[in-house]
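Engineer: Throw the hints in and build the complete structure from the sequences for me.
Protein chains: 2
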Amino acid sequence: MCNIMLVVAYDGTEYCGWQIQKNATTIEQKIIEACQKLFSREIKLVGASRTDTGVHALGQIVLLKVDTTIPIHKIPYAINAYLPDDIVVRDAKIVTNNFHPRYNAKNKTYEYKIYNCNFPLPQYNRYAYFYHKTLDVDKMNEAAKGFIGKHDFKAFCSTGSSAKTTIREIYSCDVDIEDEMITIAINGNGFLYNMVRIIVGTLIEVGRGKMQPEDISDIIESLDRKRAGVTAPAKGLTLVKINYN
Amino acid sequence: MCNIMLVVAYDGTEYCGWQIQKNATTIEQKIIEACQKLFSREIKLVGASRTDTGVHALGQIVLLKVDTTIPIHKIPYAINAYLPDDIVVRDAKIVTNNFHPRYNAKNKTYEYKIYNCNFPLPQYNRYAYFYHKTLDVDKMNEAAKGFIGKHDFKAFCSTGSSAKTTIREIYSCDVDIEDEMITIAINGNGFLYNMVRIIVGTLIEVGRGKMQPEDISDIIESLDRKRAGVTAPAKGLTLVKINYN
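Chains as they are written, first to last, in our numbering: chain A, 24 to 268; chain B, 24 to 268.
Keep in mind that a hint or two might mislead.
One copy or any two copies: either way a pair holds, since identical chains are not told apart in the list.
[To be verified] Result set (EDC-like, lysine to aspartate or glutamate): computed pairs, CA atoms no more than 20 Å apart in a straight line:
| no. | residue 1 | residue 2 |
| --- | --- | --- |
| 1 | K60 | D175 |
| 2 | K136 | E192 |
| 3 | K53 | E203 |
| 4 | K187 | E228 |
| 5 | K45 | D238 |
| 6 | K177 | D161 |
| 7 | K156 | D108 |
| 8 | K136 | D108 |
Read the hints as simulated data drawn from the structure, not as lab findings.
All values reported here derive from a predicted model rather than from experimental measurement.
Structural biologist: This is how it looks when you write it as structure tokens:
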């Protein structure tokens, strides 16, 4: 039996998120179907991150256990042959038997794109949230630093989460602008349900002047979801990279 | 009667190019339909560039002559209300009666994107040509300089062109790479049918080592379409900007 780690990129626009479910098309399901066609047997996968409907990935990590004689460097090409164009396996590596994509992840980086301009640009429709009101990016970046550290992020978690604890550690959170594209990059040891999108929604409030950078620590301490901003739309969010030891 | 210059951006993926035609959906047609709904009368447009099927634009220039009391700064919002998401009017200006988008254009800039990597990235599927073989970008950039100047570009024109002359002047042609994305930027006083895409196809031959940078002037002088490279796919091409005096 081979333990194979896949690096997968996808455009999440057309999918009901990563995790397999009844009556909805998901990315996990598409990869399982591709692998079942390729290997002619039942396949189960373990994904590192359960990305939501409409969320994209550059570096989702997936564990595939399968008995195969296909050389490891040919595995991505073989699986891609059975995948639609909006899901691509970009790398494959043999990993040890005890490797787990979720439990062994050291930290994850997500990026959120906001196209901040008077008019939308069709070229950005799929991967950025169009927001036309003026945003103070410096203030947003100042506020972003308030998320760094080990905190109980209950105020930044949507209901319906099955997480045992709402404590997470954020290592970095940066807000940059290039031309009219704002990028919010956040790295942490794990993220609660909708956490990045609620952080982004809160940073937008700061950018609008409706909240102040110094309010962030108060909102975190309140543990009150209602104190934080709205959940920003899924389309702007991309799972960029997952790091392992 | 108002003479209005529109700046239009579009994702050309779903359209049979700019120009209106029977039995096919085009961008010009969508804007005419939107304007006819908005102004409740027959509308004719003049576009600066007849972009091909699948080609995109950031700055297509369109002349609209119409009798309206809508303030000029509200015109883009009013037209966009009737347009699909993949076509956006981004600016509107009153221009003089004798303004012609095509005849008055001083120069145009096109960009062509090549994603040069072992595996495609779904996020680039719509706007870049995926090419997996190694390309020598320095050689491509050296070859690109061979296009600069006033030349008869008959060798770089597809059959079916209605142009009176095949002489054009290229002011700049640059090939750059950032991460795995190669950008070919070309500025000139006008372009023949498929000219940019044939130039790109030829530069790819140079990047592959099948042609040398010094071959470009010979190919131009030959006036022989068969000497140049293949026409690169439309999806990588974007009309970036049209400059006027």
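Engineer: All hints, please: hold or fail.
Structural biologist: Structure-based check of each hint:
1. K60 - D175: neither (44 Å within a copy, 53 Å between copies)
2. K136 - E192: neither (22 Å within a copy, 38 Å between copies)
3. K53 - E203: neither (35 Å within a copy, 27 Å between copies)
4. K187 - E228: neither (29 Å within a copy, 57 Å between copies)
5. K45 - D238: neither (41 Å within a copy, 59 Å between copies)
6. K177 - D161: neither (26 Å within a copy, 52 Å between copies)
7. K156 - D108: Answer is between: at 19 Å across copies they meet the 20 Å cutoff, but 34 Å inside does not.
8. K136 - D108: Cα proximity of K136 and D108: across copies only (18 Å, versus 22 Å in one copy).
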